[in-house]
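S.K.: Starting from the structure of chain W, add chain F where the hints point.
Number of protein chains: 2
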Amino acid sequence: MDFQQRYLEYKERVDRYLLEAVGQTRPRSLYKPVTYVLAGGGKRIRSILVLLACEAVGAPAERALHAGAGIEILHNFTLVHDDIMDNAPSRRGRPTVHTKWDEHTAILVGDELLALAYRILLRTESSRIRDIAAVFTEGVVEVCEGQAYDKEFERRASVSVEEYLLMIRKKTGMMVAAATEIGALVGGGTEAEVQALKSYGELVGRAFQIQDDLLDVVGDEKKFGKSIGSDLREGKKTFLLLDALRVARGKDRQFLKKVLSNGRATKAVVRECRRIFHETGAIDAAGRRIEADIAEAKGHLQNLKPSEARDMLFWFTDMLLNRQY
Amino acid sequence: MDFQQRYLEYKERVDRYLLEAVGQTRPRSLYKPVTYVLAGGGKRIRSILVLLACEAVGAPAERALHAGAGIEILHNFTLVHDDIMDNAPSRRGRPTVHTKWDEHTAILVGDELLALAYRILLRTESSRIRDIAAVFTEGVVEVCEGQAYDKEFERRASVSVEEYLLMIRKKTGMMVAAATEIGALVGGGTEAEVQALKSYGELVGRAFQIQDDLLDVVGDEKKFGKSIGSDLREGKKTFLLLDALRVARGKDRQFLKKVLSNGRATKAVVRECRRIFHETGAIDAAGRRIEADIAEAKGHLQNLKPSEARDMLFWFTDMLLNRQY
Chain W
1 MDFQQRYLEY
11 KERVDRYLLE
21 AVGQTRPRSL
31 YKPVTYVLAG
41 GGKRIRSILV
51 LLACEAVGAP
61 AERALHAGAG
71 IEILHNFTLV
81 HDDIMDNAPS
91 RRGRPTVHTK
101 WDEHTAILVG
111 DELLALAYRI
121 LLRTESSRIR
131 DIAAVFTEGV
141 VEVCEGQAYD
151 KEFERRASVS
161 VEEYLLMIRK
171 KTGMMVAAAT
181 EIGALVGGGT
191 EAEVQALKSY
201 GELVGRAFQI
211 QDDLLDVVGD
221 EKKFGKSIGS
231 DLREGKKTFL
241 LLDALRVARG
251 KDRQFLKKVL
261 SNGRATKAVV
271 RECRRIFHET
281 GAIDAAGRRI
291 EADIAEAKGH
301 LQNLKPSEAR
311 DMLFWFTDML
321 LNRQY
Chain F
1 MDFQQRYLEY
11 KERVDRYLLE
21 AVGQTRPRSL
31 YKPVTYVLAG
41 GGKRIRSILV
51 LLACEAVGAP
61 AERALHAGAG
71 IEILHNFTLV
81 HDDIMDNAPS
91 RRGRPTVHTK
101 WDEHTAILVG
111 DELLALAYRI
121 LLRTESSRIR
131 DIAAVFTEGV
141 VEVCEGQAYD
151 KEFERRASVS
161 VEEYLLMIRK
171 KTGMMVAAAT
181 EIGALVGGGT
191 EAEVQALKSY
201 GELVGRAFQI
211 QDDLLDVVGD
221 EKKFGKSIGS
231 DLREGKKTFL
241 LLDALRVARG
251 KDRQFLKKVL
261 SNGRATKAVV
271 RECRRIFHET
281 GAIDAAGRRI
291 EADIAEAKGH
301 LQNLKPSEAR
311 DMLFWFTDML
321 LNRQY
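Chains W and F, in that order, give the protein sequences.
When we follow the numbering used here, the leftmost residue of the first sequence carries the number 1, and every step to the right adds one.
When we follow the numbering used here, the leftmost residue of the second sequence carries the number 1, and every step to the right adds one.
Simulated from the structure, these hints should not be mistaken for laboratory data.
Take every hint as true, because none was put in to throw you off.
Part of the chain F face toward chain W, derived, beta carbon under 10 Å:
1) Ala134
2) Gly139
3) Glu145
4) Gln147
Listed below are the simulated DMTMM-like cross-link pairs for lysine to aspartate or glutamate, each with C-alpha atoms no more than 20 Å apart in a straight line:
5) W/Lys32 - F/Glu142
6) F/Lys32 - W/Glu154
7) W/Lys11 - W/Asp311
8) W/Lys32 - F/Glu152
9) F/Lys236 - W/Asp102
10) W/Lys43 - W/Asp212
11) W/Lys257 - W/Glu152
12) W/Lys100 - F/Glu103
All residues carry an ideal CB built from backbone N, CA and C; glycine is no exception.
Pulled out of the complex, with its shape left as it was, chain W reads as follows:
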């Protein structure tokens, strides 16, 4: 089985579905940016995970297509609103909605995306539609709470690594967990299968977020699609920054503390941070944590019956976490 080929097929299926799903053009001030967002590509990780989780419990991936598309639209809703709050000028190499249009448009476009996400999710054929919608909804609550912590932490001088991990659990982990849990529910999985896939998703989501923090410092700007060091320049507390602070002493420690309390870093400060992250071992620590999460995540997959879909989930996990962008 060529997993890469299959991944691209699933991705294309989701992409096509997303554009058909809108089906409206008026009011133009709303649907033009909505279509712009949904045509923006991306890796479609969350929707692919919904499809694979559904298959991994023994049902055809097709059955989870509505739910997969719904999760993807939900994810795009969070991006549009987060980009406003983070003052992000670009996303996936294109101007963000509030940059190309304006903030008020971006607020409304996000709201509409959230509604469309539910519309499409609710097309799912399942006797467990209430549970599915509830998991989806808790994903939204968690992501809002995660975003609130993220912004609170930007304003605080001191944040612990544990607080940071809680924040990314909510902001990223729970949405990925919702994807795999919903896939398992749509596929009619047992309680144990649903739990295993949910736990798998949560760990993959966390690893993915730590990797994002890492790539923001050591990644390839072109492949990554956003400018390097942007987290620090936004005043974000990242895993690297908080972990380095635990270890750094002397002048480096003073420097990191100043970065934390100053909020936004300049390019020169980002360069200096990168050196400290290497020297304190924060870069290595991030790598180790990603590996540990991935190992634990794969352990949960081991609890599922062997299948081609499960094999593909193993492959997909490695592909995601080996990315250089």
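M.R.: Only chain F this time, still in chain W's reference frame:
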């Protein structure tokens, strides 16, 4: 039966439920403003309509309490985001969320309210939960489309009365229709009952919005809770403005056209508009349209079996549309 007394009881029940429903305090930057919004009072019209529609098809109001609270939270979500887009400084005599906190907080608070609305709606015990969630979702889509038209119209020099009616149907009518339709679905109403209550809601919603436009010009500032003439000062195309333009000739017509193309009106311009609205008969036309909608809405109620709840719906309709605020 003392309907006023019963209305207050229902309203208090909803108010209590809304505050319990949050049940969380952290992250504080999120839940403090969320609680602020839900504690803000208001007439709770939409939730009362859910309860009464449920009763009118023969089920206890209690069964629709989750759905009623869900619709109310949904309505509050739209208010928080619309207030940002409308630059509204106050709502129900209190500063709006983006004024008391900031715009980014208000975006996130609105998102969280929408998620909480679904969470609570999904507690509803009903075999038709999918239909209920779908009607709720279409309500959100309509309200987003309505808001987009509203903002498009602010930027356009010319808008027809028909376009305006489409806009308020989406922005206000469909949410009230969703309230009564969901109440009927929760109560296990027949197809005909669900349809009758939905049509009733849509007409009441439209009448209510036209009355809002009217009160913005002729209302009592203190009772109304927002400053008079604010629609015109915001550059909004209201029913009165568009209807007056159909009739006005000569200098008055030129004046109205200038108001339409200028966008935001000054206080002096609002005074002059008020005079023209009276003289062109726009004020009377608005009153007649409200009465016609109400008569048609009541006609739909006549198709329901006689009951105390139906009587209370008649009373509630009159109460709503006789308000001076």
